[in-house]
Amino acid sequence: MTYLAKPKFHHPALPRNALGYTHRDYEGSVSTLCAGCGHDSITGAIIQACFELSIEPHRVAKISGIGCSSKTPTYFLGQSHGFNSVHGRMPSVLTGANLANRDLIYLGVSGDGDSASIGLGQFAHAVRRGVNMVYIVENNGVYGLTKGQFSATADRGSKSKRGAINTDNSIDLVAMALQLGATFVARSFSGDKEQLTPLIKAAVEHQGAAFIDVISPCVAFNNHEGSTKSFDYVREHNIAVNRLDFITGRDPITVDYAPGTAEVVEQHDGSRLVLRKVADEYDPHDRRKAVAYLQESAAAGEIATGLLYVDPEPEDLHASFNTVATPLNALGEKELCPGSSALDRINGSLR
Amino acid sequence: MPLESVNDFVVRFANVNGSGSASANELFARAVLRMGVPVAPRNIFPSNIQGLPTWYEVRVSGAGHLGARGGVDLMVAMNPQTWDKDVASLEPGGYLFYDSTKPMPASKFRADIAVIGVPLTAIANREYTDPRQRQLFKNIIYLGALSALLDMDVAAIEKLIGEQFKGKDKLIAPNVRALHLGRDYALMNLDCPIGLTVRRSDKVGDRIFLEGNSAAALGAVYGGATVCAWYPITPSSSLAEAFAGHCRRYRIDPDTGKARYAIIQAEDELASIGMVIGAAWNGARAFTATSGPGISLMQEFIGLAYFAEIPSVIFDVQRAGPSTGMPTRTQQCDVLSCAYASHGDTKHVLLFPEDPAEAFELGAQAFDLADRLQTPVFVMLDLDIGMNHRLCRPLQWDDQRKFDRGKIMTAAELDAGRDFGRYLDVDSDGIPYRTYPGTHPTRGSFFTRGTSRDRYARYTEEGAPYADNMQRLLRKFETAKTLLPAPVRRNAEKATKYGVIYYGSTSPAMDEAIETLRSEGKLLDMLRIRGFPFAQTVPDFIAEHDFVFVVEQNRDAQLRMLLVNELNLDPVRLVPILHYDGTPITARFIANAIADHLDALKVTPLRKVVS
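One line per chain: the protein sequences are A and B, in this order.
Going letter by letter, the first sequence gives residues 851 to 1201 in the working numbering.
Going letter by letter, the second sequence gives residues 18 to 628 in the working numbering.
Fair warning: there could be bad hints in the mix.
[Unchecked claim] Far from chain A, some chain B residues (derived; all Cβ distances over 12 Å):
(1) L50
(2) R127
(3) P148
(4) R217
(5) S329
(6) F494
(7) P550
(8) T603
[Claimed, not checked] Pairs of lysine-lysine, DSSO-like flavour, derived with a Cα cap of 27 Å:
(9) B:K619 with B:K539
(10) B:K514 with B:K619
(11) A:K1184 with B:K424
(12) B:K364 with B:K493
(13) B:K102 with B:K119
(14) A:K1184 with B:K419
(15) A:K1127 with A:K1043
(16) A:K1184 with B:K275
(17) A:K858 with A:K1043
[As the list claims (entries may be wrong)] Footprint (simulated), chain B over chain A, 3 or more residues, beta carbon under 8 Å:
(18) 951-957
(19) 1181-1192
Bear in mind the hints are in silico, worked out from the structure with no lab data behind them.
In this text the structure is predicted, and so the values were computed from the model without any measurement.
Glycine included, C-beta positions come from ideal geometry on N, C-alpha and C.
With these hints in hand, go ahead and build the complete structure from the sequences.
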């Protein structure tokens, strides 16, 4: 965990976004993760995505559990409130926070130990309820902070740094998220920022439960021969089903796409996703086929990445609860307390 | 001799659960109340939905004693499974009311009781063809027979039936008819009234009749709670459900029809408390309702809320433990597990309401305390208060009252350049300022964590800032003593060297026991504790007396342990009086136990005799 403030000097010609902020305004403290850690690339992608979206940093609540991945919210969006909670319990804390103030952007950061092992239940239930959030799992198949034990996403047959072979079947959080009704499901690779950044942008704009599984190799404990979460292995087996260009608001689409190679998906908030097809037959609007595709590609030893599923008209938990538009944390006595005359009537009914 | 008593007896209904008896039995209790005579009903029920024995006990007490009394004067024996035990539990001279459709051998009765048979099944079968109707109306038929036997005002019962089925008016006439079937049978065939009668009185006054769980939930509504996250567990489920009911009534925006609340049934207790903490961190008033096993599951999160200083309210409706224990029986057995919940050095604020009225008041106040102190606050209810109707003073609310949101630094203050350190003790009361997420674009953000940090919320593992923070948390706990509801003291009419400390649902039994003891010439000063940490008046009270009895409903004398531990007291002077069989504590038990101790204390020591 870091306590090193990052110097604020920057080149005067750094590009500024619509708010006048530079990329540096979206940074946090200096990372204390291992040099080359995949998680730092994800941090970079989050910073880039928020910068490009011109998000006011203080309108983001970043919430995590415990573990290497859960430390990373310290390293981005230094002006946001952050909450490094309890191991495996980020989803419940995020759910509660979201209920209290529907107007903020909720960014949940977790790891594979945090979400697939100790927190599998909370992961499942938060997704199932359709909490409006971006839920990122920085997935390296291994416990980093406790030095290299297998996590529940480690593939069966994968070899640990010490040579042990994992005999348990792995949990595929993407398949679970699809089955549990997430309205935005993607998988990416920390080594492919070109793919990851637009996915994060699209997930932030998505007004429902957005889940991104990011394979993020652990350079210290899971980047060796025999691991299925190493940089080399993922690069070799990564098959993108599509490439995503994300277009905010009403900006014109400037890139020319050859006919039949791109699909424009308009999200509820007016943002548009331009999906460039890679795998010809892949349809990101068919939940059941997406699950089947994932199973087939996994059986073929491939790691399917890209935007795997999106529902452009999601409903979130606040819609289910029919809550008022004003954030609950902004309601006062007038709206909340029925007062003495109502209490007199209640007393009268109890005699 | 059959018992003779006006407005002072105990009726127990022995039923099979799922038979629809509960509403008829409650009608009986309400009818007595409507006659101006106080009642204290108690459900004694199994952890089961259908088929197991259940009892409903109504203590009729013109003198207003609302604690359990012990013993039964009139048994309405509707359950063959428990017949022998039910008959045996009657006081000598008591009355046994039973369904005489099938003849019972004489060996099934007792010589020293009066037996009243009414052929309930025969009447129901004669009048009704539908099996469910036969079952349900049988309950109303026995209520009708009791109204004649106890000389009750039948008009009051008819009026209650009218109120109960308001909106389902078709059901009123058949119920009234069933009532009269029983009443007419009794009047024509039995000696009415028996020795036990209800006589119209004026002892109820403006008091109200409600369950503690519902009252506590109403307290949460009045206290401004907007987020409730819970997981079903007896005996607390009805608290969350009552909150939902109150919110549907009082928390819908009249213009839009939208909800000014969010209630989430979580996947378990861990998620419940996690959601409460997330919501409270983000500035909403949030609570959970649970019981002992839920408290066990929440331990890790409670420590986070303590250390990260996040307001949260936990209603613990206690039941008999350990483990699954007796899920439908009452105890005060979570005092220690709540006071010191979670690993590491932790201490928590506890509130002990005595009845539904106080469950409402302290339930609302808990949210102010949690926000002011930025820490978890436990409202320690129990099954006896929570799930039984209790007669209590009307609920009150001052419309001038404002929510105390505690120390919140605003965007304007941040703009004015006020120094913000999340864990900075600016007022020397141990309570720092906090900001809500999203307050200001460039100032006031901080990172909340369960790891150690300095006064400006920066992570650190250095010893000095860690110890500094832990000391501040102790100062905050000292501040809490000045904010909690004060203990309630009642002195004996003459100075005495004996005192008694009690709390929560023990109140009515204690009040009655003190009268019994006084009538025996045994005088005690009383102190009812309403909060932890203990106010200075608690050690003062103990210091004033040679011996102080501590009356509790658990095996290990948990409050006594807390007193000894927190106040550094000599344990010898605190005499435990413990009742923990899962039934509510009774005045008889308390009075006998204290009397025995006092008699023993008065024995002249041997060395004095010989010297």
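Verification of the supplied hints:
no.: 1; hint: L50; verdict: violated (8 Å)
no.: 2; hint: R127; verdict: holds (39 Å)
no.: 3; hint: P148; verdict: holds (34 Å)
no.: 4; hint: R217; verdict: holds (16 Å)
no.: 5; hint: S329; verdict: violated (10 Å)
no.: 6; hint: F494; verdict: holds (22 Å)
no.: 7; hint: P550; verdict: holds (26 Å)
no.: 8; hint: T603; verdict: holds (26 Å)
no.: 9; hint: B:K619 with B:K539; verdict: holds (11 Å)
no.: 10; hint: B:K514 with B:K619; verdict: holds (12 Å)
no.: 11; hint: A:K1184 with B:K424; verdict: holds (21 Å)
no.: 12; hint: B:K364 with B:K493; verdict: holds (11 Å)
no.: 13; hint: B:K102 with B:K119; verdict: holds (19 Å)
no.: 14; hint: A:K1184 with B:K419; verdict: holds (10 Å)
no.: 15; hint: A:K1127 with A:K1043; verdict: holds (18 Å)
no.: 16; hint: A:K1184 with B:K275; verdict: holds (16 Å)
no.: 17; hint: A:K858 with A:K1043; verdict: holds (24 Å)
no.: 18; hint: 951-957; verdict: holds (count 3)
no.: 19; hint: 1181-1192; verdict: holds (count 10)
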